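Visitor: In this text, residue positions in the sequence shown follow numbering that gives the first Met the number 0: the first is 0, and each later residue adds one.
Each statement offered as a hint is correct.
Lysine-lysine pairs mimicking DSSO-like chemistry, simulated, CA-CA at most 27 Å apart:
id	residue 1	residue 2
1	68	111
2	103	68
3	14	37
4	126	103
5	111	49
6	68	97
7	32	14
8	14	49
9	126	14
10	126	75
11	111	14
Beta-carbon label-pair distances, calculated as ranges:
id	residue 1	residue 2	range
12	63	89	28 to 34 Å
13	88	40	31 to 37 Å
14	128	42	21 to 27 Å
15	59	30	16 to 22 Å
In case anyone wonders, no lab produced these hints; they're calculated from the structure.
These numbers come from a predicted model, not from an experiment.
We treat Cβ as the ideally placed atom computed from N, Cα and C, and that holds for glycine.
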Amino acid sequence: MLWLFNIKGKDEQMKIALLGFGTVGSGVYNILKTNVAKLQRVLPEEIEIKTALVREPELMQQTDVVFTKDINDITKDPEIELVVEVMGGITTAYDYVKACLLAKKSVVTANKNLIAVHGVELTTLAKLEDVYLYYEASVGGGIPVLRPMVQHFETNEVKSIVG
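Could you build the full structure based on these sequences and the hints that come with them?
Guide: Written as C-alpha coordinates, this is what we have:
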(Lines of atoms letter the chains of each structure in order from A; the text may use other names.)
(Lines give C-alpha, C1' and ligand atoms only; values in the text may rest on other atoms or scores of the structure.)
Protein backbone atom coordinates (compact mmCIF):
# COMPACT_ATOMS: atom_id res chain seq x y z
CA MET A 0 0.00 0.00 0.00
CA LEU A 1 3.01 2.29 -0.03
CA TRP A 2 1.96 3.41 -3.52
CA LEU A 3 -0.68 5.55 -1.84
CA PHE A 4 2.02 7.85 -0.49
CA ASN A 5 2.74 9.08 -4.01
CA ILE A 6 -0.81 9.96 -4.99
CA LYS A 7 -1.42 13.68 -5.17
CA GLY A 8 -4.23 13.77 -2.66
CA LYS A 9 -5.96 16.12 -0.32
CA ASP A 10 -5.79 16.17 3.47
CA GLU A 11 -9.20 14.52 3.79
CA GLN A 12 -10.43 11.18 2.47
CA MET A 13 -9.03 9.59 -0.64
CA LYS A 14 -11.90 8.30 -2.74
CA ILE A 15 -11.22 5.09 -4.65
CA ALA A 16 -13.11 3.25 -7.38
CA LEU A 17 -12.86 -0.45 -8.13
CA LEU A 18 -13.11 -1.84 -11.65
CA GLY A 19 -14.65 -5.17 -10.72
CA PHE A 20 -16.16 -6.52 -7.51
CA GLY A 21 -15.78 -10.27 -7.89
CA THR A 22 -13.49 -12.39 -5.74
CA VAL A 23 -10.52 -10.00 -5.96
CA GLY A 24 -12.49 -6.75 -5.90
CA SER A 25 -14.61 -7.76 -2.92
CA GLY A 26 -11.41 -8.99 -1.26
CA VAL A 27 -9.80 -5.56 -1.70
CA TYR A 28 -12.96 -3.99 -0.28
CA ASN A 29 -12.93 -6.32 2.75
CA ILE A 30 -9.23 -5.77 3.44
CA LEU A 31 -9.64 -2.00 3.36
CA LYS A 32 -12.76 -2.15 5.55
CA THR A 33 -11.33 -4.52 8.17
CA ASN A 34 -7.96 -2.80 8.45
CA VAL A 35 -9.09 0.82 8.85
CA ALA A 36 -7.18 1.38 12.11
CA LYS A 37 -3.94 -0.08 10.73
CA LEU A 38 -4.22 1.92 7.52
CA GLN A 39 -4.86 5.17 9.37
CA ARG A 40 -1.58 4.69 11.24
CA VAL A 41 0.50 4.39 8.07
CA LEU A 42 -1.33 6.41 5.42
CA PRO A 43 -1.49 10.19 5.16
CA GLU A 44 -5.26 10.16 4.62
CA GLU A 45 -8.33 7.99 5.07
CA ILE A 46 -9.46 5.76 2.23
CA GLU A 47 -13.04 5.35 1.06
CA ILE A 48 -14.13 3.00 -1.71
CA LYS A 49 -16.79 5.14 -3.31
CA THR A 50 -17.76 3.32 -6.51
CA ALA A 51 -17.37 -0.13 -8.03
CA LEU A 52 -17.90 -0.94 -11.69
CA VAL A 53 -19.76 -4.24 -12.18
CA ARG A 54 -21.72 -5.89 -14.99
CA GLU A 55 -25.01 -6.07 -13.11
CA PRO A 56 -25.25 -3.49 -10.31
CA GLU A 57 -28.82 -4.48 -9.49
CA LEU A 58 -27.59 -7.91 -8.34
CA MET A 59 -25.04 -6.56 -5.86
CA GLN A 60 -25.66 -6.78 -2.13
CA GLN A 61 -26.03 -3.49 -0.33
CA THR A 62 -22.79 -2.00 0.97
CA ASP A 63 -21.58 1.54 1.40
CA VAL A 64 -20.23 1.36 -2.17
CA VAL A 65 -22.16 2.71 -5.15
CA PHE A 66 -22.34 0.04 -7.87
CA THR A 67 -22.46 1.09 -11.52
CA LYS A 68 -22.03 -0.43 -14.95
CA ASP A 69 -21.07 2.90 -16.55
CA ILE A 70 -17.36 3.77 -16.57
CA ASN A 71 -18.32 7.44 -16.90
CA ASP A 72 -19.64 7.37 -13.34
CA ILE A 73 -16.01 6.89 -12.34
CA THR A 74 -14.12 8.91 -14.95
CA LYS A 75 -16.35 11.97 -14.55
CA ASP A 76 -16.42 11.91 -10.74
CA PRO A 77 -14.03 14.64 -9.55
CA GLU A 78 -13.81 13.09 -6.06
CA ILE A 79 -12.30 9.80 -7.24
CA GLU A 80 -8.50 10.04 -7.32
CA LEU A 81 -7.50 6.40 -7.57
CA VAL A 82 -8.91 3.46 -9.53
CA VAL A 83 -8.04 -0.14 -8.72
CA GLU A 84 -8.49 -2.48 -11.70
CA VAL A 85 -9.42 -5.97 -10.50
CA MET A 86 -11.55 -7.19 -13.39
CA GLY A 87 -8.92 -9.14 -15.34
CA GLY A 88 -8.86 -9.75 -19.06
CA ILE A 89 -7.28 -7.44 -21.60
CA THR A 90 -9.67 -5.63 -23.94
CA THR A 91 -12.24 -4.19 -21.53
CA ALA A 92 -9.64 -3.65 -18.81
CA TYR A 93 -7.48 -1.74 -21.31
CA ASP A 94 -10.37 0.46 -22.43
CA TYR A 95 -11.34 1.29 -18.85
CA VAL A 96 -7.81 1.83 -17.54
CA LYS A 97 -7.04 4.09 -20.49
CA ALA A 98 -10.26 6.06 -19.89
CA CYS A 99 -9.34 6.49 -16.22
CA LEU A 100 -5.82 7.69 -17.03
CA LEU A 101 -7.21 10.16 -19.58
CA ALA A 102 -9.59 11.39 -16.88
CA LYS A 103 -6.58 12.15 -14.64
CA LYS A 104 -7.15 9.19 -12.29
CA SER A 105 -4.20 7.19 -11.02
CA VAL A 106 -4.61 3.44 -11.53
CA VAL A 107 -3.42 0.33 -9.69
CA THR A 108 -3.57 -3.06 -11.43
CA ALA A 109 -2.26 -6.58 -10.89
CA ASN A 110 -3.35 -7.57 -14.40
CA LYS A 111 -0.30 -9.31 -15.90
CA ASN A 112 -1.86 -9.72 -19.34
CA LEU A 113 -2.91 -6.08 -19.55
CA ILE A 114 0.58 -4.89 -18.63
CA ALA A 115 2.28 -7.38 -20.98
CA VAL A 116 0.22 -6.19 -23.95
CA HIS A 117 -0.36 -2.49 -23.20
CA GLY A 118 2.06 -1.63 -20.38
CA VAL A 119 4.34 0.68 -22.37
CA GLU A 120 1.43 2.60 -23.86
CA LEU A 121 -0.40 2.95 -20.54
CA THR A 122 2.74 3.96 -18.65
CA THR A 123 3.48 6.61 -21.27
CA LEU A 124 -0.11 7.86 -21.09
CA ALA A 125 0.04 8.06 -17.29
CA LYS A 126 3.17 10.21 -17.51
CA LEU A 127 1.57 12.48 -20.11
CA GLU A 128 -1.54 12.90 -17.94
CA ASP A 129 0.59 13.47 -14.79
CA VAL A 130 -0.96 10.54 -12.92
CA TYR A 131 0.38 7.20 -11.76
CA LEU A 132 0.01 3.68 -13.13
CA TYR A 133 1.03 1.15 -10.50
CA TYR A 134 1.41 -2.42 -11.73
CA GLU A 135 4.00 -3.80 -9.37
CA ALA A 136 1.53 -6.41 -8.08
CA SER A 137 1.41 -7.88 -11.61
CA VAL A 138 5.10 -8.77 -11.36
CA GLY A 139 6.47 -11.02 -8.65
CA GLY A 140 3.23 -11.05 -6.66
CA GLY A 141 3.68 -7.53 -5.40
CA ILE A 142 7.31 -7.80 -4.32
CA PRO A 143 8.61 -4.22 -4.37
CA VAL A 144 11.02 -4.63 -7.26
CA LEU A 145 9.92 -2.25 -10.00
CA ARG A 146 9.88 1.05 -8.12
CA PRO A 147 13.44 0.68 -6.76
CA MET A 148 14.63 -0.29 -10.26
CA VAL A 149 12.91 2.70 -11.87
CA GLN A 150 14.35 5.05 -9.26
CA HIS A 151 17.79 3.53 -9.86
CA PHE A 152 17.46 3.90 -13.64
CA GLU A 153 16.63 7.59 -13.35
CA THR A 154 20.11 8.32 -12.00
CA ASN A 155 22.17 5.65 -13.78
CA GLU A 156 22.65 4.57 -17.37
CA VAL A 157 21.26 1.04 -17.68
CA LYS A 158 21.56 -0.51 -21.13
CA SER A 159 19.66 -3.78 -20.64
CA ILE A 160 18.18 -6.26 -18.20
CA VAL A 161 18.39 -9.98 -18.85
CA GLY A 162 16.81 -12.84 -16.98
